[in-house]
Amino acid sequence: MSAHNNQPIAVLELLVRNHPGVMSHVCGLFSRRAYNVEGIVCLPVATGETSKIYLQVREEERLDQIMKQIQKLSDVEGVVRYTGDHPVFTGLATYFTC
Amino acid sequence: MEQLTGAELTIRLLEEYGIETIAGIPGGANLPLYDALSRSSRIRHVLARHEQGAGFIAQGMARSSGKPAVCFATSGPGATNIVTALADANLDSIPVICITGQVPLSMIGTDAFQEVDVYGLTIPITKHNFLVRSAQDLLRIIPEAFHIATTGRPGPVLIDIPKDVQLDIVDIEELPIPASAVVSVVHSQDDLTLAAAMINNAKRPVFYVGGGIVHSDAGAVARFFAEKNSLPTTMTLMGLGVIPPEHDLFMGMLGMHAARSTNMMLDECDLLIAAGVRFDDRATGKIGEFCPEARIIHIDIDPCEICKLKEAHVGLVGDIRDTLDRLLPLVESRARSSWNQHIQLLRARHPFFCSENFDFSSPYGIIMRIAEIVGEDAIVATDVGKHQMWTAQVYPFNRTRRFLTSGGLGTMGFGLPTAIGAALENPDKTVVCITGDGSIMMNIQELATAVEHDVNVKVIVLNNQSLGLVRQQQKLFYNEHIFASEYEHQVDLATIAKGFGMKSFDARDTLVLDELLTVALQTPGPSLINIPISIDEEVYPIVPPGAANSVMIGGNYECA
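So the sequence lines, in the order shown, correspond to chains H and D.
Per my numbering, the very first residue in the first sequence carries number 38; after that it's consecutive.
Per my numbering, the very first residue in the second sequence carries number 14; after that it's consecutive.
Isolated chain D (complex conformation) (with noise of 0.2 Å):
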């Protein structure tokens, strides 16, 4: 029998579930969680600069490990702080799981000091949560967490722990031991013969995969089966990196920021394929018109996304790895010849840009210029805007877990936490986050926490003056009413970067940017490059909101 606190206890379940690193700022509500956590030589604690921070960098470790990541945050505006990194992670189904100091529990309901009601806030932006009202209840509260974060459709869990619960003592017996998830796949026989012949029957199918391809870890034998039956694969911004570049077959990012001929592509085809998905509207333009003369195979883990959107004609409910495993023996060899050829003139035929017009310069050169610096076992994170469909566009993803962004709640602020977590996840590697001026601005504190714990993260900032999306929505649908969306005041980024401690190069001052590029990314620890670039340089195709894929503006480029 041992005798420990609530925050003890909370503590030392953390380190059984193999929490490593929490990241976290402390405040009254949550000190006897942190005078627990002093005391641990397990976990290491990384003090954030901002409560948005340290769940960004939780992400950060969770995204790019694909394992649960903790972090902390005080009640009341600590708390609040971290909600939009939490409603990031549940948009994206990341495993976070969140830890926050709540008022004693004889003062809720009071207007306490810092009292905010967490639980109430996080209802909708959670998968699930709890208010802990006895120590006691955190032996069977912890595990539960853990399991519902990781198992079926992952996502982020919060715990509001009372300061009174967290000094109470708790008897304990035995510690609860970390079960592993179990997900068992009940498909009918009947379901996956009808998946395989509608498959083998199709005449020109597209294979559409998304984030669920990488929770479940499918990306090999999505590959595989996408090989097997010659299937063009499309990927949605969460899914980027299961086919490379180069493959045959990879037909890159649909919908609103496509490439054209993945948008023109899904027009013609006859069956869609559709793994880890939710047909979201980024990606499907007017879901009336979008792929019009297609039966859709639909495979989730969440039962909630078939049919949810658009009709399935077959829906399999299962972990993917597993589901496609039983459907490959089941799917014919095919070539395909004449669907792949046509697809492969479409290619050609709309390029993202022209090998003339290739410029080092231009933001898709400057990308494509890091991704040949970096070497491919660099991980990408990115902030929200057009820095980052230009690199969803084109930077070589070849693997899964390697792009790191903001997907479904698209939260500017999120690229530089989430790389300093990928950092500290991944010591061994190098972290660059492309990133905006407007972007970098939302979370630009955690400069800090990048050189105190000196990680290999490299900041590029496409400085474009500019809310540069905003700006071109406004040029685009508001008749050239540019609004609220140019920055007047110029700050000196790199001058900036050197305050927090941090080396700084400025392309302003250079006129040879291959070289800087190369000397900045090659420069051990954490550094940021301001490149300036033009307000005027715009993210192409683009769908207007609401519209059908086929409505591509930019959708005609033409090469001499």
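Same shape as in the complex, but just chain H (with noise of 0.2 Å):
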């Protein structure tokens, strides 16, 4: 999968814990620092006490800041950073096609 243009791709995973709002803290931690998610997939683990929440965004020099700022939500679990290659969002690539 790639994007608009050659800045290379980042996957990260994030386990936050499951309810109504955590959607709007993880997107509005982005958008209100005008860093933008190319990519989101989300579902709750096991019993649906917590979910996994992917996000595929660019590589810049502020995603570390970003990472930063997502570990200090209080929903926020854990943060894992992965190469572009993640089979997540690979394995949707055939849903996206026009």
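Because the hints were derived from the structure by calculation, they are not lab data.
It is possible that part of the hints are untrue.
Claimed, not checked - Below, computed lysine-lysine pairings styled on DSSO-like, alpha-carbon distance capped at 27 Å:
no., chain 1, residue 1, chain 2, residue 2
1, D, K216, D, K80
2, H, K109, D, K323
3, D, K299, D, K488
4, D, K488, D, K516
5, D, K442, H, K109
6, D, K442, D, K323
7, D, K442, D, K80
8, D, K442, D, K516
9, D, K321, D, K299
10, H, K89, H, K109
11, H, K105, H, K89
12, D, K323, D, K299
13, D, K516, H, K109
14, D, K442, D, K511
15, H, K105, D, K323
16, D, K321, H, K105
17, H, K105, D, K299
Could you use the hints to bring the two separately framed chains together as a complex?
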């Protein structure tokens, strides 16, 4: 899955507490700090107490700062950073062709 | 086993957490909470006249004490009215817990009467927020709210409680016990050693301290740290009070309305030891040209602040008092006589005012005279504008939590309710609210609250018939095109205060301002003093927004 330009892609995996407001908290952080999110996948984990959110973002210098900000969110229990070829998005690519 | 409604449980938990005063306004969606509050013997309620007032009253309690404070508002307009106070608390890291009523759960999302998505509204302006979905959850959420508000970098927390959740019955085995906040510092010894070596080897170091020093109660150790290594110390607006003006190492405020010599000193420094600061643009000016020759040690409890705007050569994440305690034995006792002599010279050459121009009718003179009359134990709240900057520049603060001002958000209307909150929290102290004629109008309704509770608040209006700082910027940066910044209609503030039942004084009626100030400030109870000042009294120096701090208009003040 390629982005609109040649900037490398990163994939962030967030383990979050599962409740109706958590997506707003995560997405709001990106929008108010003017950091674009290219793709989102979110599903509950096991019993549904927690969810995993995968975010596809551009690699920018500010990504370190954004990751620190994510870690400060009370509903976020952990963040892992992967390279852009993480299968959660590559596996979905077939649903996103014209 | 005990059965309580959600509302009763909320009040019980607030009591357990030591809350003694709640400011707020009731309405349809929080009436169960108010009904439970009416039966509390441990919490007094302060009825504000506008929810924003309630939010700032809570801030006044929190800012002056360092402890979390609580405010209440109803759903819809009550909640939207209080959000400014939350945004203000968020930017200045103030532990305020705001509890709002909400329409019943089953009606959420139906555009019900007085329904507003306050959870969604407050995500970006609180440290964290909750929408409570069952009364049982309150047992977890309220302790968590106190924990979040007070640990790490403090901040506001909002708890939105639907009306049916307030009425639901919960079976309580036992109440959660308030846990004390534990903060552990995990600096590597290497980082501490490196930081200490940088300080010991620096030739022209500057200590740059801010609100974080206040929040971690590090004022005393910060002063001792500065003294041991003879570090000239500059403070942000939020850090004023750490070093008193009569101290040899005092360098006052930096930035847009700094002491002139301070901005000059920062241009020359080779090491900046930043503690509890966030390199705000009003302090640094154009960030690329801030401390161009300096290496930087940055100490802060919030890891996001390290390298956010300015690259730190050493970042120490942790409680500042702890960190300075650990650094102290590694730092050498030094005199730094040539660097400090150089700075003393800069200070002497670039004063705020010249003694031959000192006059009790000028804003600086009035502010200094207020300080003299009320003494060093008084608390000073300001609003936002010229009066705020003059106060920050010259008021002799000699400890923290004595100067309450809206730093990050710059909220006009902050001063009066914050002063009321500080007075409620500190009934033994005089609280002075230095304000302007623009700011006082933005929460003037709280004069009624002040009178109702007979708080010892002295409101001093430096009245220049304008939005002074706006007008000054229009004069300087918009070709003197003064627009919408002068009040054409003059209101009689002293008479208005009388209408609220408050003692008032008007300096228009006297030639002896000094006597009027003395009488007014020494009369017990709330009062308002209106003091006309010239519309052309400006705040100098001023760094144009976006410019480097070396570009100071009014920077070359010359005394005869």
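Failing hints, ascending? 1, 4, 5, 6 and 13
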